[in-house]
Amino acid sequence: MNQTIELLKNRRSYREFDENYALPKVELQAILDAARQAPSWMNGQFYSIIVIQDKKIREQLVKWNPGNPHMLNSSVFLLFIGDLHRTKIVSAAHESSYSIDESVEPMILAVTDASLALENAVIAVESLGLGSVVVGSIRKYGKEICQLLDLPDNTFPLFGLSIGKPVVEMKVKPRLPETSVVHYDKYRPYAYSLIEQYNDTMEQFGEARETKRWSQKFSDYFAEEPSMITDQLLQIQGLLK
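In this text, residue positions in the sequence shown follow this note's numbering: the first is -5, and each later residue adds one.
A couple of the hints might just be wrong.
[Said to hold, decoys possible] DSSO-like, lysine-lysine: derived pairs with alpha carbons at most 30 Å apart:
no. : residue 1 : residue 2
1   : Lys3      : Lys137
2   : Lys180    : Lys57
3   : Lys180    : Lys167
4   : Lys165    : Lys134
5   : Lys49     : Lys206
[What the hints assert, rightly or not] Computed Cβ-Cβ distance ranges for the label pairs, DEER-style:
no. : residue 1 : residue 2 : range
6   : Val84     : Gln191    : 24 to 30 Å
7   : Val20     : Arg80     : 38 to 44 Å
8   : Val166    : Asn193    : 16 to 22 Å
9   : Val166    : Ile230    : 35 to 41 Å
10  : Thr173    : Ser221    : 31 to 37 Å
11  : Asn14     : Val166    : 22 to 28 Å
Treat the hints as calculated values from the structure; they're not laboratory data.
Think of the CB as a built atom: it goes at the ideal place given N, C-alpha and C, for glycine as much as any other residue.
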């Protein structure tokens, strides 16, 4: 098996980093270059990446999200934002309308492009012998982050990426059974026993941060009253009516 596939199959998240390790500028640039070369719909590149270097900003992010201290302790923290402000400028220059709040399609484009850039960054980090962890919970403080970082209208924070030199080795986390995820030609029903099997697999894996069985965790999550924080932010940022 080639090295790239081996790297992909063994990727894992790291949350504890050497606080004294400084990522060389040339490696940071390589990670950013790899991220920016990700696939993009019509080459629209509907995202931006903010390299958070200011310690005070990173401290504030951790105050809002104390469960993720690595946002401060990692060597680098990148913030990926959906960016439809750039194309608003383009539309203004061409004196054309810009009705991006009429449909969810523009947001899907931005989220997809940013996600692909994020994954390229993650793999670039792994290839350098470093570690990373994606932080999606920043969206809980999207409004505050927009204000803190002076994000313009038609942009919205999506996720962060902590990058550094791991100090704790992590095991590769098992994934759902392939037959419950991969389908050929048509979506094919599968037995719920596969989910129960995965519950057992994850219980045996024994990740300390997990307090519930996999199925119970998501049953509870989707049974809760939906949070409208992201919806409200998108309205404020001119992306949703």
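Problem - Unmet hints by their number, sorted upward, for this structure - result: 1, 2, 5, 6 and 7
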